[in-house]
Amino acid sequence: MDTQDLAINTEVAALLQGMPRDRSQLLPALWRVVDRYQELTPGVIDAVSQSLNIPYAEVYGVASFYTLFDNAPGKVPVHICTDVMCALQGAGSLQEAAEDAALGRPVAVRESACLGQCDHAPAAWIGSQVMRRATPEAVRAAVKAVGHE
Amino acid sequence: MNEVRRLLPDLRSASGPASPERLAERGFDQALTKAWAMSSQAIIDEVTASGIKGRGGAAFPTGLKWSSVNKAEGQTKYVVMNADESELGTFKDRVLLEEDPLGALVGLLIAAHAVGARKAFCYIRGEYREVEQMLAKAIDTLTQLGWAGPGRIDVEIRRGAGAYIAGEETALFNSIEGKRPEPRVKPPFPTNKGLWGSPTLIQNVETLANVAILFAHDAQWFAEYGTKATAGTKLVALSGHIQRPGVYEVPFGMALADILNAPDLGGGVAGSGRLRAVLLGGAAGTFLSPDEVAQSQLDYASLGAFGASIGSGAVMVFDDTVDLQWVLTKLARFFADESCGQCVPCRIGTQRIWEIAEKGGLWTRTEDLRELGQAMRDASICGLGQTAPLALLSILDRPGLRQDV
Chain U
1 MDTQDLAINT
11 EVAALLQGMP
21 RDRSQLLPAL
31 WRVVDRYQEL
41 TPGVIDAVSQ
51 SLNIPYAEVY
61 GVASFYTLFD
71 NAPGKVPVHI
81 CTDVMCALQG
91 AGSLQEAAED
101 AALGRPVAVR
111 ESACLGQCDH
121 APAAWIGSQV
131 MRRATPEAVR
141 AAVKAVGHE
Chain B
1001 MNEVRRLLPD
1011 LRSASGPASP
1021 ERLAERGFDQ
1031 ALTKAWAMSS
1041 QAIIDEVTAS
1051 GIKGRGGAAF
1061 PTGLKWSSVN
1071 KAEGQTKYVV
1081 MNADESELGT
1091 FKDRVLLEED
1101 PLGALVGLLI
1111 AAHAVGARKA
1121 FCYIRGEYRE
1131 VEQMLAKAID
1141 TLTQLGWAGP
1151 GRIDVEIRRG
1161 AGAYIAGEET
1171 ALFNSIEGKR
1181 PEPRVKPPFP
1191 TNKGLWGSPT
1201 LIQNVETLAN
1211 VAILFAHDAQ
1221 WFAEYGTKAT
1231 AGTKLVALSG
1241 HIQRPGVYEV
1251 PFGMALADIL
1261 NAPDLGGGVA
1271 GSGRLRAVLL
1281 GGAAGTFLSP
1291 DEVAQSQLDY
1301 ASLGAFGASI
1311 GSGAVMVFDD
1321 TVDLQWVLTK
1331 LARFFADESC
1341 GQCVPCRIGT
1351 QRIWEIAEKG
1361 GLWTRTEDLR
1371 ELGQAMRDAS
1381 ICGLGQTAPL
1391 ALLSILDRPG
1401 LRQDV
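These protein sequence lines map, in sequence, to chains U and B.
The numbers in this note's numbering rise by one with no breaks, and the one at position 67 of the first sequence is 67.
The numbers in this note's numbering rise by one with no breaks, and the one at position 78 of the second sequence is 1078.
Derived from the structure by calculation, the hints contain no laboratory data.
We put the beta carbon where it would ideally sit given N, CA and C, even for glycine.
Please note that the accuracy of each hint is not assured.
[Claimed, not checked] Computed from the model, here is a short list of chain U residues facing chain B with C-beta under 7 Å: (1) Leu6; (2) Leu15; (3) Leu16; (4) Gln17; (5) Met19; (6) Arg23; (7) Tyr60; (8) Val62; (9) Asn71; (10) Asp83; (11) Glu111; (12) Ala113; (13) Cys114.
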């Protein structure tokens, strides 16, 4: 084990401190580490596996099932809803604006299935905030603000 | 006035949605006090008498479900609120939890009390982080007032992480248990073997909110709205080409045309102003033609005559500029993406439908699509695969909707 792995193991163990060592805590545990690291690298998965005493393959199997855990390395995900209702209200232009603004920034623009905001379409989801009736300008500004909050 | 506000709180209310004042104002504290003084059987009888049916889409009689869980053998029982609302055009649980999170939670507590559960879960989709915070506040309020919490009924929020299939009840159990959220084969049903193999009562957010308002009043009050067959009100979520998109509470039995056109509801078709079709019930719903919309009421029998169902209450409106092939292709991609891959009919079937759609074969390969759809309906493990072809099949049955734009 190299020093980097050791550091991650210690950090993850600290993050998960106080959680019962129980299989049912796997999903909440994965949320905690994703909120911290964004990406679930093999090193992070291994650390969760050791910390909760669940085999690596099981942790990987669960983690890889969920879309929101599938993040690009070092990039903040920006979700643009491109499902039917948002597409009817101009989601395409939001996506273009987001991709344009994301160039050279630590942001990954992702197409999202329905975000459940059809009454305020089109919608985007950036960081912890859902943008309702989003405009290309607002999305561009929000993408540029990532990392500056 | 066509809109009702019973499940949704009075717009004039100034109290915080998760506050103790709101609990009292809505009569939910009395509902809890009343239920706590009743026997399990008396509570279940009241739910049965009200005629409440599940509002998540399946419309299973709620009293019957509670009775099954109550009678099931088991030391430990669980109750679950399903707030994993992730289907296209469906956002009524989001609005309900934003505006009145205490209602669904009070229903959950009454459910737990009735079936003898000490542990309750609220499973909410990961995209609803702001709604989750509101729910957490409401749980705090109920804990501070002594209704929830360790030693009483412990209510825990579980956050999903972007998997539509996790909303399927048995997949949801696997997700809570820390496993891959793949559906289980039924039977056994959750009422006998749910979370960790114990009898589990799982209900949609809106169903539980109905329970709360029922106990804040009584079955007679509850039936003041609705039809003989279906008492009460339903939340409908209007989206697409509609003047006033949003969630509205309406009595069962209301004409679909009124829901779309009444000035205090949908306000009329937007876009071109000319209706092409309504997709009713969600991504796995039924397309209705303008003629069928004109003849339908929001009730199971009326819609059943057109092979449609209320489903989750999603009402997606398309004007005559929308290419329905494009809509079907989007739906096909959604199901292909969200199929868990566990069973072949769904894994391969959703993929094939998407491929046929992408290649422009939806209007020409109708026999292939019907055969494929039938195989998926017959042989898929869960509701996703069984219902994924429904919207497509509903258009194959309505040649009038198949015109090119």
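Hints violated by the structure (listed by number, smallest first): 1, 2, 3, 4, 5, 7, 9, 11
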